[in-house]
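The chain contents come next:
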Amino acid sequence: MNNSRAKNLWLLIIPALLFLAAAVCAQGYITKVEDSGFEKHTRPAVSFAHDAHNEAAGIESCNTCHHMYEDGKLQDQASIGMECSSCHLDGYSGRLELIRVYHLQCKSCHLDQKAGPVQCAQCHRKEE
Amino acid sequence: MHEIYQLASGILVWVALIVFVGGTAGRLIRMAITARKKDAVIYQYFSFYYALRSILHWIIPFGSMSMRARPAMTLVAFIFHICLIITPIFLAAHVILIAESWGIGWAYLPNAVADIMTILVILGCLFFLLRRIVQRDVRYLSTPGDFVLLLVVAAPFVTGIWTYHQWSGFEIAGIVHMLSGELMLICLPFTRLFHMALFPFTRGYAGSEAGGVRRARDW
Ligand code: HEM
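Chains A and B are the protein sequences, given in the same order.
Each residue of the first sequence is one higher than the one before, starting from 1 at the first, in the numbering used here.
Each residue of the second sequence is one higher than the one before, starting from 1001 at the first, in the numbering used here.
A couple of the hints might just be wrong.
As the list claims (entries may be wrong) - Beyond 10 Å from chain A on every Cβ pair, some chain B residues (computed): (1) Tyr-1005; (2) Arg-1068; (3) Ala-1099; (4) Ala-1210; (5) Arg-1214.
Unchecked claim - These stretches of chain B come out as covered by chain A in the derived footprint (C-beta under 8 Å, 3 or more residues): (6) 1136-1148; (7) 1159-1166.
Just so you know, the hints here were simulated from the structure itself, not pulled from any lab data.
Fair warning: this is a prediction, and the values are worked out from it, not measured in the lab.
Every residue gets a Cβ at the ideal spot worked out from N, C-alpha and C, and that includes glycine.
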């Protein structure tokens, strides 16, 4: 095997592995939803212990939340690593639209399952 | 808790809105029919010019003589009514909930401004309450219903600011807030609160009569 070619391959694989590891670790460390699409915050940040939440709620597939659409159809693959705002922030009513989809996704599942917070103050909890 | 929340933020909102809109329309139509039967000439001398002239003088602070005669009452009443109507329509939380349910939205107030306006409404309610207790002539004319009505108006504002600031018991306060807001909307067409919807008509009537028939001012 050509030596320099193998080196080039490693140059690709190592960063890719690092990225994957970082991604997998990062989700474990998420304790709050802080989308960079909100330039300023008007409410206390929402506590969201990513892995613990999804385990307790028994959510199996990542694309329940990190979804991906093509021609209006939900895809099997997920949009991991992308913030919701990267797809849901456009137009002049962008901010309200981004709030709307966050609330719709989080709250409608909580209402369906009759578990989890549904009132403003339950999610946007002030620090004690 | 989820069941009550779903009820209060779902079907009861519809019930409240339908009673409010239907009741208001129904009473206004009945009033128009009664006027045609009992005082048909109003339809002849009704004048948009004189009606608007009167309405304008009565919605501008101190635009009428009786307002200038009672400056304290006028000031409180104006601030109270403006905050009462503007706050719920342009409150961030309300706009966000409407966007979630119906996909429409509009500009909303900063939270701090909404807080101040809410406090002004609550202070206004206290002022009217004290007036009913302290001022002899007003106390004499007050019925228990007047006090209940004041409570119905104050309740959504007290519980709204309570749940917003997450004071203890805020979850119950949030539920009570939604229910009391709906109660207030339902009460609007059938109680003295209806004077808000009547205002343009009573002023329009008085203004047309004063301007067109008596050639006088009514402010
Ligand atoms: C029709 C049903 C209603 C629902 C579902 C509803 C819902 C809410 C919610 C969820 C909040 C926010 C709490 C927060 O920000 O954490 C709120 C606050 C508030 N609402 Fe309502 N509301 C209703 C009717 C009304 C009505 C009729 C009024 C007054 C006429 C009103 C006045 C207020 C006020 C003054 C606040 C607090 C403002 C502040 O201090 O920031 N609401 N409401």
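Looking at the structure, which of the earlier hints fail to hold? 1, 3 and 6
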